[in-house]
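Chain residues, written in single-letter form:
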Amino acid sequence: MAHEPWYTQMVHGGSQMNFKEFIKDYRVILLIVLLVASIGAISTLGIQQGLDLKGGSEIQLQLAQPVDTGTMDKVTNVLDKRLNAFGVSDVQVRASGNQSVIIEIAGVQPQDVAKLVGTPGVFIATIDNQTALNGTDITTVKPYSVTGNTWSVPFTVTLQGAQTFAKLADGKAGTPVNMYLDGNLVSSPEIGADLANGVPSTDVQVSGTENSSAQAQAQAKNIQVVLESGALPVSVSIVGINSVSADLGSQFKTGALVAGFLALLVIAIIIFIRYRTPVLVLPIMITSIAELILILGVASVTRWNIDLAAIAGIIAAIGTGVDDQIIITDEVLKKGIQTKRTITALKFKINNAFFIIFASAATLIAAMLPLAYVGFSRGATGIGLLSGFAFTTVVGVLIGIFITRPVYAKFIVLLLGKDKKEDKSEEASVREKRTGKQPKKGKKGKGKKGRKQ
Amino acid sequence: MSMIDKILDSYKPLIIIPVIITLLALGIILSGGLKEGIDLKGGSIAVLQLNEPVSNDQLISMVSNSTGVPADLITSTTTGNNQSTVQIAGSAADVVEVTNAINSVATLQSYNSVGPLLSKQSMTQVYYALAFAFLFMSITVFIIFRHIVPSIAVILAALCDIIIAIGGMSLFGIPLSLASVGALLMLIGYSVDTDILLTTRVLKRREGTIIERAKDAMGTGFTMAAAAIGSMVALYLVVLFLMPNAEILDQIAAVLIIGLMADVLATWLMNLGILRWYMEGHR
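Line order of the protein sequences matches chains A and B. First residue of the first sequence: 62, per the numbering used here; consecutive thereafter. First residue of the second sequence: 20, per the numbering used here; consecutive thereafter.
Note that these hints are calculated values from the structure, not bench results. Any given hint could be a false lead.
Unchecked claim - Derived DMTMM-like pairs (lysine to aspartate or glutamate); straight-line CA-CA distance at most 25 Å:
hint, chain 1, residue 1, chain 2, residue 2
1, A, Lys395, B, Asp24
2, A, Lys282, A, Glu165
3, A, Lys395, B, Asp28
4, A, Lys395, B, Glu226
5, A, Lys142, A, Asp264
What the hints assert, rightly or not - Some chain A residues well away from chain B (every beta-carbon gap over 10 Å; in silico):
hint, residue
6, Asp113
7, Pro250
8, Val260
9, Asp264
10, Ile302
11, Ser306
12, Leu309
Virtual Cβ for every residue (Gly too), placed ideally from N, Cα, C.
Please take these sequences and the hints and turn them into a complete structure.
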């Protein structure tokens, strides 16, 4: 008895089991504790919603060639700075593999996205139509300053860049430096006298005067962003945009809730039709809802994004959960195990049910592994977008088989164990008839296996 | 004698039914081909909230003029709630150009574009994911049952489900997309549930006759299938009426409905048939 699996331990006491024992069982206590913890986590930490639910954009950039980690860090840093400078606060820039970058921006309308990253940023500064500086010459850009209506952005350039610039700027104080980003003229500040003496300087600055201090502020910010983005070590191009408005996102959320509710209702009706026992509908519903809360709890603690793909995963997990509960119920209700002791029979039945449940869970997890692998190794590009689906399904299935299903099994034993006691004599007569293969008819069906036809 | 008993009596010829449907599905796939979604083929998809009534043709010409993409590569469909979906095949159109094109009559609700490079990567990943999912599932089934014929029966049933589901995608114009691939992967793991139930009950139990055990399993299996198909139909209908643009959920639900219905036939006609044949041969 000492080494039997946990899912049959619940059968001890069998028909004598009562509600008090049920509540005291460690699996039931574990479920209740985890439920409370999940609700606590969800209400304090919240659930991180995917971009397709809260509205926002995801942009996938491809670098011209694969780069090492250091270069990749520089690329993501520059992009991050650039987006922040544009006043976008909730932005995430992360590398995916060694050649792609994914940018997530929350709460931005789709049409504004391209303005932010639509120009991947090739920076060129010209003097008299000759290239004086380009993006790779810029090493660091310092914070801009504004005094009255005058602004300035200091930055440092490479020695080589400084020499080219100095040669071209020699004796040309007051000549405009035309700064282009992706071929568009963004600013043309004039060369200061200190830079027109032909001496190379790696510390340079651009400055200008506007009509108001607000304009000066905006222009300084703009120039700083241009200079920073020009410093991308490799050229990048947009390969994918996925953008959803907040309106559509909330439409998706409502829809998902309604769909979940309706799905539960459909399952309730089917369970009722099959077993004709309203009291069975409730535990199956409660178990499904408990699984939903636990999955969301895990997502909340791990800061996992719940997006549409994850919702599909939750549906899949709860769907297999309902299947498993049907299997448990049918096994426990099944007649024909030839034994005098109800307890042994019940234990045997639960064992049978859990063999099928573990086998099903194993195949589902096996099928999800490749997807999860792509998601974790490559990040959320391509099919990795579905990693949320795989992750949620696997987590949901694990929660199901280890936490909620044993409790359900215990509950069913408690519920039907009582029935067993009441119609014990009836059962005995059925057992005798069984060899004659008589179809049972006219049974009131309480706790009976309702056969099809 | 009930209908189920009659069906159970002539199980050998009935194996052929799922096989024929699978072959038909293969024929549909080979002749009709499979549409590819924007996320795999590359291209752009824009969901618009219309501010005034605009015909699909008008929308197409507006977008075509602005982006320079030939009009025959652009499709537009109205999805209710005054929303339209514009698809631009082949190219990742510039979001600014598209926005400018429709600015006067609509606002952009969502925009999704995938360049050719990304789509090529995804396509390779799709094939690998499907192949490995099926392989891993098969290995798991072999480990569970450790009998060659019953394991192969389960795996064949799963293969039928996948092929029939893909055939259904071809027939109903459901594109091969990340979402439908997700559904196919789910089907690989999900559809074998009833096969495992059946094989366990028939192969590993000793009480009752094979037919009795099979009928017991059938009762459970039909309830499982009804619950799964029922909840997917609910999801599909909600998406259809409440959120026509949630294509991920729409495609997952549709593929699973087809696949799970195919699974009912594959499990109870083919898998059970092969299993009985095998068990009776071993008497």
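Checked hints:
The suggested pairing of A/Lys395 with B/Asp24 holds, with an alpha-carbon distance near 20 Å, which does not exceed 25 Å. The hinted pair formed by A/Lys282 and A/Glu165 meets the criterion: a straight-line CA distance of about 22 Å does not exceed 25 Å. Proximity of A/Lys395 to B/Asp28 is assessed by CA-CA distance (about 23 Å); at most 25 Å being required, the pair is judged to hold. Straight-line distance between C-alpha atoms of A/Lys395 and B/Glu226 comes to about 11 Å, which keeps the hinted pair within the 25 Å bound.
Restraint check for A/Lys142 and A/Asp264: satisfied, since their Cα atoms lie roughly 21 Å apart, inside the 25 Å limit. For A/Asp113, the shortest C-beta to C-beta distance to chain B comes to about 8 Å, within the 10 Å cut-off, and the non-interface label is violated. No Cβ of chain B comes within 10 Å of the Cβ of A/Pro250; the nearest lies about 27 Å off, and the non-interface call holds. Against the 10 Å criterion, A/Val260 stays outside the reach of chain B, whose nearest CB is about 43 Å from its own CB.
At roughly 37 Å from the closest C-beta of chain B, the C-beta of A/Asp264 stays outside 10 Å, upholding its exclusion from the interface. Taking the minimum C-beta to C-beta distance to chain B, about 5 Å, the non-interface status of A/Ile302 is violated against the 10 Å cut. Consistency note on A/Ser306: stated as away from chain B, yet its beta-carbon is not over 10 Å from all of that chain's, at 5 Å minimum. With a minimum CB-CB distance of about 5 Å to chain B, A/Leu309 fails to clear the 10 Å threshold, and the non-interface call is violated.
In summary, the structure is inconsistent with hints 6, 10, 11 and 12 from the numbered list given earlier, while agreeing with the others.
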